[in-house]
Each structure stands twice: as C-alpha cells, then as structure tokens.
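First to last, the sequence lines map onto chains A and B. So in my numbering, the last one in the first sequence is 330, and the numbering has no gaps at all. So in my numbering, the last one in the second sequence is 277, and the numbering has no gaps at all.
Careful: at least some of the hints might be erroneous.
To be verified - Lysine-lysine pairs mimicking BS3-like chemistry, simulated, CA-CA at most 27 angstroms apart:
1. B:Lys249 / B:Lys152
2. A:Lys120 / B:Lys102
3. A:Lys118 / B:Lys224
4. A:Lys18 / A:Lys326
5. B:Lys249 / B:Lys224
6. A:Lys120 / A:Lys326
Since the hints were made in silico from the structure, they are not lab data.
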Amino acid sequence: MSAHSKWIQIAIVAALVAILPFFFPSGYYYRVGALIFVNALSVIGLVILIGYAGQISLGHAGFAGIGAYSCALAPEYLGLHPALAALLGAVISGGVAALIGRPILKLKGYYLAVATLGFGILVSLVLTNERQLTGGPDGMAVPELGLRDLLRDMGWRVSGGEFWYGVSGIVLVIGVWIALNLAMSPTGRAMRALHGSEVAARTVGIDVARVKLQAFIISAVYASVAGSLLALQNRFITPDVAGFMHSIEMVSMAVLGGVGSILGAMLGAAILTLLPQVLTVFAEYEQLVLGAIMISVMIFLPRGLLPSIANKLKGRDE
Amino acid sequence: MDALMQFILSGFTVGAVYALVALGFTIIYNASDVVNFAQGEFVMLGGMITAFTYAAGLPLPLAGLLAIVITAAVGVALNKLAIEPARGAPVVSLVIITIGASIFIRGVAQLVFDKQLHRFPAFSGDDPIHILGATILPQSLWVIGGAVFVFVGLWAFFTKTLTGKAVLAAANNRLAAQLVGINTNWVMTLSFSLSAAIAALAGVLITPITLVSYDVGVALALKGFAAAMLGGMGNPKGALVGGIALGLMEALTAGYISSQYKEAVAFVVILAVLFVMPQGLFGAKSTERV
C-alpha cells in the first residue's frame, strides 16, 4: 500500500462521516450512524488482529466490556471524569491483553479460538455475577460525558444524536488513520509476514511472539474504546456488551466486508449494524437472514464483500 | 459425604450430555477438519422435535426416533449446502460458516416452533432412586446409559466395521483414502449425519430434566467444544473424559464454591490445560509441516 492510497482511504472515511448527515431524513439516523462508527472501530481492531496478523479472537467483546464498564464504574467508585474513565479502560484492556496474550497466542487455529472465547466468557460472567458492583444482568447507568453542555455554553447547540455522531465519527477517522499507518510501519509489515507464514517470518528474524502480542494489544484497545463510546452514548450498559454473541457479531462484520481491508471491514460493520434496523419489519426472520448472509458470503465471496467487488470491477478473477 | 455423592451424580449426568456433544464435534472434526459450532443446535432440534411431535400425539419412542432422523437429515443438509462448497477455506471462514448455520437453524426453530420452554415426560417416571445417601432421577440413568451406549457403539463401528475403518482412513489422509477407493464425500456426509444424530439423541435424553427451548444450543455447543478441547480435539476417548470432567467440575464448583461461577471455573481449568498441554489431555502431538 502506498502513502497515496493511505490518504485516499482516510479522505473517503472523513468525507463519508461529513457528508452522510445531509441525507438523513430524521434525527434517528444520527444514532444509527454513531452505532455504525462505534462498531466499525472495534472491527478495525479485528482487521489488525485477523487481517494483518492472522490470529483469530472469539472473545473480543470482553475488551469492549472492560471499556464500557470502566465508563460506568470509574466515575462512580473512583470519582473519575467519564473521559478519563474511557482512557483508564483502554489502559486496562491493553494491560489485560498484554498479560494473557503471550500464553494465549502460543495456541493456533481452533485452540486459539476456544482460549479467546473462554476469556470473553469469563469477563461477561464477572460482569453478570458481581451484582453489587455492576448491577448484574440488569446493567447500570453511565454518567454524562459533559462535553455537550460545554459546547452549549459556548453557544453551539447540538442534539445528543448529532453530538455522538460527531464524536464517534472523529474517533473513527483517527482509528482508521492509526490502523493505516500501522499497516505501512515495519511492525505492520512484520504482522502481515507472519500471517503469510509464521515459519518464514521467523527465519527472516521477526520476533513472532512479540509481533502477535502487539497486534493483540492494539486490537484490544480498539475494542475497549469502542465499548466506552457505546456506553457513553447509550448512558446505560448491560453485560451483553461483553457477551459471546457480540464477539461473534464483531468477527462477522470484519469477515463480511473483507478482513484484509479497513474500508471493507467498515462496510461489513455498516451492513450488519443496519440489517437489524431494516429487518425489524420482519423481525421474525432476523436470525434466519443473518445466518444465511454469514454462510453465503463465506462461500461465494470468501475474501469479503469489498475486495471481491473491487476485483470484479478491475476485471480480475478471484 | 452425601452432598459430595450428590454433586458427583449430577456432574455425571450433565457431563454425559457434554460428552455426547463433544463426540459429535470429534466425529465431524476427524472427517473434515471442521469444528461445527452448530452442534448445540442439533441437541436443541432433538429435544424440540420430540416435544412437538409428542404433543401432537405421537408415542414418545416414535417421537424421539423421528427427531433423531430429522436432525440427522439437517446435519447432511448442513454438510451439502454449507461445508462442502467451502472446502479448503481458512479456519476463520469455517468458524463463521458454522456459527452462521447455528444462527440460521435457531431462526428457523423459532419460526417453526416457538420461543417457549418445552418438555415431555421422563422415560421411566420421576421417582428418585437412592444411591449411597444421594438421589438420582431415573432419567439421569437414561442419559448416562445413552452416553455409554453411544460410546461403545462408536468404538465398535470404528474398529469392527469396514465403513468405520473407511471413515478413519479418510480422516487420516484424505488423498490416500481416495486412492484406495474410499468415497470421501460420502464419508463426510455419513459423519455429519452420525454426529447430528448423536447430538439429537442427547437432546431427547436430557429434555425431561433440563427442558428445551430454541436458544439452548449456544451454551451446549460451547460446553461440548470446551470438553472436546479439554480431551484433545479429534479424540473420541478424550471427548468422553473431557465431557465427564467438565460436568464434574461444574457440579463440584456449584456445590462447594459458587453456583454463579461454575462455568467460569470450567473455562479457567480449560485455559490452564491448554497452556500446559496445548493439545489437550489425549491429543496427538503433531509437528506442523511447512
């Protein structure tokens, strides 16, 4: 990837974030947009882990849970400002990832899948069971970020939906920028080298364990920040955010759009976030359709939607 | 002491179900290198179809048999429609496909049946049997007996019959098996139907105790998967031991430590086993070919 294409991709994302509101018929769309951006952010983390480094995680919602609950717990028990709480959550997620990453990432394939899955389940079990701390399955309230009041004092009135659309959009653009820079850095190239062949990567002197760990930590921080944003904008959080199904959703989004490409993964996040909104019309069929989409994309467009479409347009066969 | 006995008995009952689910994982994994995350849905289908056909007036044994046959057909359909077309796809894609299949089956079950809990009567009454100061439901004996029956049956199938040996050969080396005239596609179809039938049987046996609804599959698939991992993926003996061990761990943790964290302890133990013995308890040590 050239520096040229990096800026094109960032420009596309920034332009989309800026232009989309002009097509919004109602305030509700800001909320959906913000949700798409938040999901896209955690999916970019998975692109780094799965797409760059070739390691799977079925427990990434665990990190989203850590980020989300930091924003609820730290203000209440430590008196921290919610923004600092989000930062603390990211630090904790990165720390936890660093701690469990080394033993976990020694495992391969299905073994890695079950180990990460176990981690995610442990986090959601703690969040569900520590009732006196987290409110258990009923969830708990998250304090107001307070930035919107500040804007209002400065004479700039924005609705909650618009505000969170803007914040998530900005964080997403930053996230894309970091991920694309990483891709072009020596670390990013090392990640993709080990994705190709771990043995080959090792023979050219790449510290495979360290590079895997880096990808795991970075992706955990992405998931954590996404979890924090979700908590702050909903002002309420339940253990579902750390649940198995959320982990699966994340991986599905990444793979649907194309796990090798940031833009593709964002497309996947957009589609799978929009789908339930559109499908509420025939809510009965939601699970059925979601499952069918997951299967058919994997069979017919194994590299994901965007890369497959791009190749078709360029007139190349898969 | 009585309490310990009670925990062990209930541990064996749940463990037997986990072992059956894990056996299903093992059979499919051996035949196709695929971990089928829809395995829990087969258990659900077994229970659901039996409950509904029984409620419709079919005698219980016939309802159970019908459930097993239909579920086996679903297993074959899954192989033909979703797994075979994706042959050679990377692990991540196969994980997504089978998880997609599990969501799809759940969606269909929700439409065809409903979202309520269902049960049907236990096979031989509900009067508890007393053993060494503890009690056990007759249905638990059915569950444990069913697991033993399936395990012995599979052992005989794989070691005594030509078909079983063909499956083993195909699992060992696909190309070599084809060269000696084994139809490997047929072997895969057989494996999927067998594994779905075993899971459905587990569903038929356990439903009088635990009840069934359209969404019980996920938890069962996770436990069965964990049990198979614990024992060593692809090893039938490992599936049995892993399942029973997982059931016992859960029951003992629930009894002595915390019922809320019983699942957590199981996963912690599995993680620990994976870190120390990455191949599981009975897994074959293999070297990766470059």
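We went through each hint and held it up to the structure:
1. B:Lys249 / B:Lys152: violated, 39 angstroms
2. A:Lys120 / B:Lys102: violated, 37 angstroms
3. A:Lys118 / B:Lys224: holds, 25 angstroms
4. A:Lys18 / A:Lys326: This hinted pair holds, its Cα atoms lying about 19 angstroms apart.
5. B:Lys249 / B:Lys224: holds, 24 angstroms
6. A:Lys120 / A:Lys326: Between lysine 120 of chain A and lysine 326 of chain A the Cα gap is close to 35 angstroms, so the pair fails against 27 angstroms, i.e. violated.
Hint compliance for this structure: hints 1, 2 and 6 are not met, and every other hint is.
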